[in-house]
Amino acid sequence: MNQRQRALRVGLAVILAGAACLAWGCNRDAPDAQPTTKPAAAPTTGPATSPALTTGAASSMPAHPGAGAIMVNSIGMKLIYVPPGEFRMGSDPSEPGRHDDETAHDVKITLGFWIAATEVTQAQWVKVMSINRSEPKGDNLPANKLSWPQAVDFCRKLSQAEGRAYRLPTEAQWEYACRSGSTGAFSGGTADEVAWHMDDSDGTPHAVAGKKPNAWGLYDMHGNVAEWCRDFYQRDLGSAPAVDPAAPAEGGARIVRGGSWDNFARACRGAARASFNPAYPLDRVGLRVIIEPESPNPSQNP
Amino acid sequence: MSKTSKSARLGRRGFLAGAAAAATFTILKPSLVRGTEANSKIALGLIGCGGRGSWIADLFVKHGGYQLVSCGDYFADRAQGVGKKHKLDAAHCHTGLSNYKKVLADKVDAVAIISPPYFRPAQAAAAVEAGKHVYAAKPIAIDVPGCANIGESGKKAAAKKLVFLVDFQTRATPFYQEAVKRVQNGDIGRLVNGTSDCCYGFIFGKDLPADAEGRLRKWGMDKVLSGDIIVEQNIHTLDVDTWIIDAAPLAAVGTGGRKLRKGDDVIFDYFNLVFEYPDGVAVSFHSRQFGDGPDGINNVMFATQGAIETHYGGQVRLYGRAPYPGGKTPNIYEDGAVANIATFADSIKAGKVDNATVPLSVRSNLTAILGRTAAYTGKKVTWDEMIKANEKLVRNLDGAKD
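Read top to bottom, the protein sequences are chains V and W. Here the first sequence is numbered in the working numbering, starting from 1 and rising by one per residue. Here the second sequence is numbered in the working numbering, starting from 1001 and rising by one per residue.
No wet-lab data here; the hints were simulated from the structure. Note that this is a predicted model, so its numbers are computed, not measured. Please note that a few of the clues may not be correct.
Said to hold, decoys possible - Pairs of lysine-lysine residues, derived as DSS-like cross-links and limited to a Cα-Cα distance of at most 25 Å, are as follows:
| id | chain 1 | residue 1 | chain 2 | residue 2 |
| --- | --- | --- | --- | --- |
| 1 | W | K1206 | W | K1259 |
| 2 | W | K1379 | W | K1401 |
| 3 | W | K1352 | W | K1379 |
| 4 | W | K1062 | W | K1401 |
| 5 | V | K145 | W | K1181 |
| 6 | W | K1084 | V | K108 |
The shape of chain W in the complex, shown without the other chains (with noise of 0.2 Å):
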């Protein structure tokens, strides 16, 4: 039995836009590379060596268009961690709060960060005045001015020729992306309304210490530190909610609170809010992110003629009668950060800067934070008075070093 060729399988379109790729990379000016060269590696430093950093800088080095050179967290363990294991020396694994600055420093083209959100925005414009490309997780950033600030150094990067992705994973996946396409362009009809929730048990603890060493260390616990759980964690669903709408919602009303947490700077235990879209479309959201039962992030949204269903690490489809059958996500999680990065170093090389990502993300992280002053208020809250009122957060972190 004759075998198919990997470039007979590529096809004619395949193999022509891969030859001229090689080419283009040639021809690129150096503004469009800035940093790179056609066949190097791109300098990466890594602000925040948590749990998700640490993990993710594996990927960025097992993509093999990365070079890790210099990393930062506010805690040494966590800082020399991440540098022990790719063999930094000890002068590129930076600390404290300033953590940020000395990696920007170092010579890296980019950055990746993957630090406690509240930190997040100024961190972001740091890098972007400092001439990096910017990889940065979700959420962005937990409140208002953290939100314009994210999109104000999005619009600064493009200018700067700099690429600026935000890591949400559902949008580099395949399924959802074919899923969300064909909402958009009409094939269930108009959206009618719809639920979406996230829930989970205790992802980072009960109790949140008093210092600010430890809040930093369990950032995850702090409603500041990290937005509350609709912030950090419920962006998810919220985010999918508004990429299936392809719109902000004009309202939230609703309500949370703890009831196995204590402390009024502890995040919530549960969100169960409705959000008001454009042309009369409502969602019901809710979230947990304590104790055990049904896990998961899921959306599902009703239409005239169809409905469409995503479950993360699960199915993905649309029913009606342009079915579309999709598929299942088993590993999201990591394919989806994978995707980005890829995406990421492609971009860089391509001088592809319309860092589309953000101004996306802002809308989903205002969507949470709509959500969360309606519940802190136990009031109707319009999109346009949350950004009238553009409050913003402050944790007092004295004690802690710079």
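This is chain V alone, in the form it adopts within the complex (with noise of 0.2 Å):
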């Protein structure tokens, strides 16, 4: 074990806020409520401000925390417990802007997971990684510039650094958390309230948790970079209803989801669907991880 992954093991923290009682529970029919209960601790997405550290990994997660528990991990990153539940993905006929792979489906997330808070910041990036090829260079910006396959590898090292299964979500996954519950285009606000898209973003990526987080607490799931997923693109998702839906076996571009500061606010919807060549790295796309506490399978692809 190097001395990297020494300080992750040792930096893990965890911290719960209780059973929240968010979108599946007293407040399922407010979608657009915020957490009932705040963070014990405040976010903390830069390493200057890492929390209080416990020892252990694994053994300091409940395995069925309650809707909207809290954890700051040892890289100071905040991840929300999103636990199972059921949504409409895709979009409706008359949604504006709309592409039509979006075909409206219903799904059923059968594992709850860990999702964190914010897109991977550039602090949090190098902890793991070493090397920041982000452009523009800031600790609290989106780290961006890296390709699936480096994506795929920053959760496989902070994995083995903490001993948990940190992934990329699946676009399932990825929609359900985005949604928070919501059934519109934009979840938490309007597209300029939730979301750096082109025409506010003033050209480049942003600091961030710097818009409104949606009803679970979750900030830039639209706009600001574009985020992978862990699926191979399959335009036709098709209407039937899926239950924990997963990639094809097989494919050529991966999923890229939320849209970014260089995308028009059509594409930053919750529905729309986008996908890149894995091996490009782009400076709109940075990726935001999840884990998968309940997974039977956490050794399974990436």
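Two chains, two separate frames, one set of hints: put the complex together.
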């Protein structure tokens, strides 16, 4: 174990905010409501403000945390627990700006997962990967100019350091978290309220968490940098209900979700599906990680 | 070496979606699967048995989800030609100008309208009125009232749970779909200007007969029956323009004319126009339908951070900071039709009646009419002026049999 891995292992904090009652509980009928329980600690997205750390990794994380539970990991990344649930994936044909690869269908997510409240920052990226090719530079700016394999490598190294299963989200997990119980084009507010996009970004990415979060406390799900997902792109997802839909086993381009500071707002909609050659490191694409604590096969593909 | 099974390659989503889809058919309301049962074929009537009509009839049958049960054409030899090939008895091979009414009176669930463009709005309206799903070839009309008529038929079809699909091959081609989506998402920045063209030789010949039946047989030479080359053929490239830009033009100015063909009723040999789109986006367009030279349907749009290039049958790609290599589309003519035929069947079975192709087709059809009007008049014509004028084109067909 090298020095950095030791530091990562030692630097784990799990801060549970209890069973906050989010969209599945008492707020089910108010999908845009904010979490009723505030995080026990302020969001910590930079290395300089890492919270008090405890030793240990998986043992510190309960197997079945409550909805809205919050933890901060070894690199200061805040993650929020998303319990199982169901949602309508895709968009209605009447949604302005939609594309026809967004066929609406019901999706059931049977496994809860932790998801980072923000896109991976450059400070977090450097702690794990050492080299930062992002442009422009800034600790709290989202990491970018990273290929899909590099994003997966980030997850692998962080997983090794902490002893848990960091992954890129599937696009179904991503959209489930993005929607946070809402059904429209944007979750948590209007496009300008929740997203850095081409018409309000001034041609550059911005520090994470600079816009309004969605109902589950997730920032920049719309805009800023687009986010690599686990799946290969498959144009037709069909209209049939699906359970824990996963990527096809083979494919070319990888899914990118959320749109970016360099896209029109329509590309930042919750249902908008983009894809890129996984080898391309683009200044508009970064990542957000999840942990799958209940996954029966944590060693599955990235 | 082990082989990956097909089900494994499909992945979990594919398996689940397939299983669920199979189950779905058994619970759909009868109204959503008008005239079809879960495992039965769609009874299809073919209206228009000319070159493309007889060709596409084969593709419908080849799909496996359709049974051709009726056909119609003005000319007996054409209707009987399709009938003989597909083993239809004479009672289901209809002729005369009213052939479509007889097709609709047969026990058909859906019709494919591949007749001359002049007749398509009335035939589509009658089909929707009769409760039939409609598969329509492009262009869907030759004038502004006809476009409005088709737009209304699309809405009425949706209200009656009927599918109305307009067949543009480009829109069903994955490389085009992906490239255009990326442009609309902003991957090449903001559009600035571009070029588009549609050039071919003598598709329909040079001469237009004077009598009604002669014109019906060579309808592609008649500027009213066909809508002229800009509506009948060049719409391919103009549709891609409007698709990429995702807007209708504000105005058009330019010219066109005949150097080889003669006669007021005959189609133009060429068009050269500039289309003005919202936000100052400009497109230079030209077409020809004569002689030899580089043929093709090509679109190039330049933007602040890149460009899109599409060639019907050739390469489709994006240039710029977020490039998309795309790929080639060598079989687009057939593949596009095959994809649309499959989509039509799937939509009927699933009760998917958003009929999204209709307003987009009306938009590009009107774009072609705008360009034609500008070329015919030699003046700059705005979209609003064209809509307000609502000019209807009429061809005297006295002498033709009903």
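Problem - W:K1084 paired with V:K108 [C-alpha distance capped at 25 Å] - result: violated (52 Å)
Exercise for the section: Take a quick look at whether W:K1352 and W:K1379 sit within 25 Å of each other, Cα to Cα. Expected result: violated (42 Å)
Practice task
Starting from W:K1062, check that the Cα of W:K1401 is at most 25 Å away, please.
Solution key: Answer violated: W:K1062 to W:K1401 is near 33 Å, above 25 Å.
Exercise for the section: Compare the distance between the alpha carbons of W:K1379 and W:K1401 with 25 Å, and conclude whether the hinted pair is satisfied. Expected result: violated (39 Å)
Practice task
Quickly compare the C-alpha distance for W:K1206 and W:K1259 to 25 Å and report which way the hint goes.
Solution key: Within the cut-off at roughly 11 Å; holds.
Practice task
Would you check the hint for V:K145 and W:K1181, treating anything up to 25 Å between C-alpha atoms as holding?
Solution key: Satisfied, since the Cα-Cα distance of roughly 22 Å is no more than 25 Å.
Checked against the numbered hints above, the structure breaks hints 2, 3, 4 and 6 and satisfies the rest.
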